[in-house]
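On the provided structure of chain W, position chain P as indicated by the hints.
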Amino acid sequence: MTTAETSITAAASSYRPPSRLPAGLVFLAMVALLVVAPFVAYPLFVMKVLCFALFALALNLLLGYGGLLSFGHAAYFGMSSYVSAHAAKMWGLTPELSIVCGVAVALVLGLVFGLLAIRRKGIYFAMITLAFAQMVFFFSLQAPFTGGEDGLQGVPRGALFSVLDLSSDITLYWVVLAIFVLGWFGTYRIVHSPYGQVLRAIRGNEERAMSLGYDVYRYKVLLFVLSAGFAGLAGATKAIAFQLATLTDVAWTMSGEVVLMTLVGGMGTLFGPVVGAALVVAMQNYLAHLGAWVMVVQGVIFAVCVLTFREGIVGVVAKFTRKEL
Amino acid sequence: MVTILGVPLQALLGQLLVGAINGGFYALLSLGIAIIFGMLHIINFAHGALYMMGAFMAWILLNYFGLNFWFALVIAPIVVGLVGIVLERTLLSRLYNQDHLYNLLLTFGLGLIIVGLFRIGFGGSGKPYSPPEALMGALNLGFMFLPVYRGFVLAVALVSCLVVWLVIERTRLGAYLRAATENAEIVEAFGINVPLLIALTYGGGVALAGFAGVLAAPIYSVYPNMGHDLMIIVFALVVIGGLGSIFGAIVTGFSLGIIEGLTKVFYPEASTTVVFVLMAVVLLVKPAGLFGKEA
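Protein sequence lines correspond, in order, to chains W and P.
Mapping of the first sequence onto my numbering: position 285 corresponds to residue 285, and the numbering continues sequentially without gaps.
Mapping of the second sequence onto my numbering: position 158 corresponds to residue 158, and the numbering continues sequentially without gaps.
Next comes chain W alone, as it looks inside the complex (with noise of 0.2 Å):
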């Protein structure tokens, strides 16, 4: 056990990890982008991507870093958003106390789901995030709480600690904004902490980091249950910023587009999600008009990233400049 563990700590100080400065400006950057743009863009439209790019960062943790790929992830997202949602209107909570109402409710969902599905790996594991978010959705559909088919329309937005009034779409917008970066900020910690580490080994080769002792399902449970937890955020936020939580935030297609965002952007890396989620947001923006082919437009965008581009958009990008980004 010790000798094993020395030996892991030498791996570690021999390699050396890629400098972090590029990632560093590239965060910089991004910020500044995001500072500017409700006065370039439409800020309700920079908000939507700005939750579905932590949504997808949520996701990315789970798929990019444990290797594990969800088509439930719409199930942590959308529960918390009713949640979040029924907590503002029905109980006239703070916007603050909705959504980490909503979030607690998709840590102990994780939590449940996550020690159960981590029983099986691979294309099961898939399957079986799948069908625990099928069985969400049913049970969203039937529960009185959120509203059936109509949903909780009309969610106030409320005053941030009761201070602060968020009815004005540029105050809401900065602190929609404040959460996307700690979210970002919590993603990219815990892929560099030593827990991060142990994540990479157990990717690399599940087997072997069994054998030096790490409790290789503890971690990816743990992993399962962080990952559901900023999507949970991600639709919380969602929620408390469009006053409106629905059927479509459960619905399975809400899982396969964020897998899509991630596989657009880049599994596995630290803008990858953000730049998938604001390609996915604005083209079912742009296209919304056309109906059905938004669909059809998503099934190629699979296809042709699954065929050819596997690494995603900002994936090529870090392998030709050689930068983790």
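Some hints here could point you the wrong way.
Computed list of chain P residues with no C-beta within reach of chain W, every gap over 12 Å [as the list claims (entries may be wrong)]: (1) L13; (2) V156; (3) L162.
Which residues of chain W face chain P? A few of them, derived with a C-beta cut under 7 Å, are [claimed, not checked]: (4) M127; (5) M135; (6) F302.
Computed footprint of chain W on chain P, listed as stretches where at least three residues anywhere in the stretch have a Cβ under 8 Å from a Cβ of chain W [said to hold, decoys possible]: (7) 90–100; (8) 109–123; (9) 226–235; (10) 261–273; (11) 278–290.
Simulated from the structure, these hints should not be mistaken for lab results.
Glycine is no exception: its CB is placed at the ideal position from the N, C-alpha and C atoms.
For chain P alone, coordinates are given in the frame of chain W:
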């Protein structure tokens, strides 16, 4: 009136029949998924879309070519099977040396494209498709009325499952298939055209989905989304049964259909979720699935 646990016998038998028919569809679809998985090691997320394509083929054949149900029952699976072979040869086969998850994503994308195209071409609403003349009406079984078409579907589902099982277990082609599932390289070394076998397997698996689609057309009506919800239930079934055996897929399909039907009688609120709850229980007790061998 005879009642069992407070439920009228007729309602119970009626739901049992509905459950058994649903079970027939589950069995046909999970059979195709299991066969495809055995050879290609991919889960075909486009299965629901190809099932829908089968149903639409029946509708198109009737409304544009005047060909009735019986022609559709033969032509639609062949067309869907050919589409499957083309997809396999041109797209899926490019990804066999990659992580299997990529192929899953590819079939998911293909499913979106197919469903989207049908929605553009035919709209999202349901299209009625009546059962053939010969199978109209209902039989009086004494204790309940059995719509003839539903009885026919149940019988056909059972027989076709049996035929597929016999083909795989008792014919030379089935033997090649089973051998290639175990070790494709050695089978190839014996001079068998494994890529062709893989293409035929995928084509056959999705042809079964197309066949199920034609059978489903008169019962559920024809609409582009008809495969979605069904497909997710079938995935849960596959997890419950495990992909180890053909027989297991058939048994799991029928029994879960019946369990779902019974839930509709005794606790209707849970009828949509019972399959997923069972999946959770199976994952706790026997993660490899009831008939699964692999860990």
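Practice prompt. Against the structure, test the hints numbered earlier, and report the numbers of the ones violated in rising order.
Written response: none
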